[in-house]
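Chains A and B are the protein sequences, given in the same order.
Mapping the first sequence onto the numbering used here, position 146 (from 1) lands on 146, and the numbers just tick up by one.
Mapping the second sequence onto the numbering used here, position 17 (from 1) lands on 17, and the numbers just tick up by one.
In short, the hints are calculated from the structure, not lab data.
Since the model is a prediction, treat every value here as computed from it, not as a measurement.
Where is the CB? At the ideal position from N, CA and C, for every residue including glycine.
Among these hints, one or two may not hold up.
[Unchecked claim] Each computed DSBU-like pair below joins lysine-lysine, with the alpha-carbon atoms no more than 35 Å apart:
(1) B:K35 - A:K132
(2) B:K94 - A:K64
(3) A:K132 - B:K76
(4) B:K76 - B:K6
(5) B:K35 - B:K76
(6) B:K6 - A:K132
(7) A:K132 - B:K94
(8) A:K64 - B:K76
[What the hints assert, rightly or not] Reference excerpt, derived from the structure (chain B facing chain A, CB under 7 Å, subset only):
(9) Q25
(10) V91
(11) C120
(12) P124
(13) G127
(14) L134
(15) I136
(16) L138
(17) D139
(18) M144
(19) L146
(20) R148
(21) S152
(22) F155
Chain by chain, the residues run as shown.
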Amino acid sequence: MSEYINVDEIAATPLCAELARESVATLTRHMSATCHAKGEVLYAEGSLENNDLLLLLDGQLEIKTEQRYENIGSLRVVFEPGAVASLMGFVAGHPHVTTATAMSECRVARLSRDQFAHICETHPEIAIAVLKFLVLRLDEFSYLLLDRYKEAQAFVQGAYRR
Amino acid sequence: MNSNVKADEIAGAPICAGMTEAGVQALSLHLEARKHQPGDILYREGSQENTDLLIILEGQIEASSEHTHGVSEMLKIRLGTGDVAGIMGFVGGKPHGGTGVAVSDCRVAHLSREQFSDLCRIHPDVGITMLRFLVIALDSFSVMLLSRYNDSLSFMHGSKKKS
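Same shape as in the complex, but just chain A:
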């Protein structure tokens, strides 16, 4: 069941870092909160469902990809309060590339695609700030992956040389 969100709950999160208090209040009015028990799946890899943008308010979320290779663990990240999940389902309506599971009792703020479309119409400056934040998050993730890929490739190419 969804609940209302207090503006103070999201004001200090990185998502709202570039927003004025009034804009945070507007964003809050377009969001709702849901509570989840430990073990509950908030969205599943490959699924097109549950494509709200999720802002974790309380608890921890495990973000994980399916194991694709024998003996190699899947990608696993633990999200703490303030983290944002479900970016691609939200922006592009693409299938989720990870599965998000509540590791403890969680409370998440949700922004639906419909509500975001409304914000784009009525408060484009807020929509731009949200999208810039998402670009920066993906930028960081790309740099991280690029580094890891380079390290793995260096090892592989070094192994070839030997």
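Once you've looked at the hints, dock chain B against the given chain A.
The following block gives chain B in isolation, referenced to the frame of chain A:
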């Protein structure tokens, strides 16, 4: 600024998909086309200079990432007309993740970060469409990197792909 890019030149580019005719026109007015010769470096890995977003109007650019652990040419992508280069770092102003080199005579539309801020203020609908495109492009790049990273790990561990 004196734009020298016509709306028709960029209308078919994926970054303009979903924009109105007026939106494409507005974007074109914020762009500046420059010519580059084969071998010209448009942006360099690790550098925070030349942070413009690039839309290729004619010719080809090769984006590659190297200079780590003494191993070169780890990642090489060929970009052509309509493609966008210099994405990583454009919004955040971080150092480039790769080097962009012209591999033929090129004509490239440059959008500076300042011009983009201006565009977001005056034509927020255009800014929103472009940012959505950047999110999707960066996500596709991440998915490709993740897949290659997993392939490298599987080679290192001698693992087989699960069916």
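_Hint by hint, where does the structure go against what was stated? Just the numbers, ascending._
Per hint list: 9 and 18 violated.
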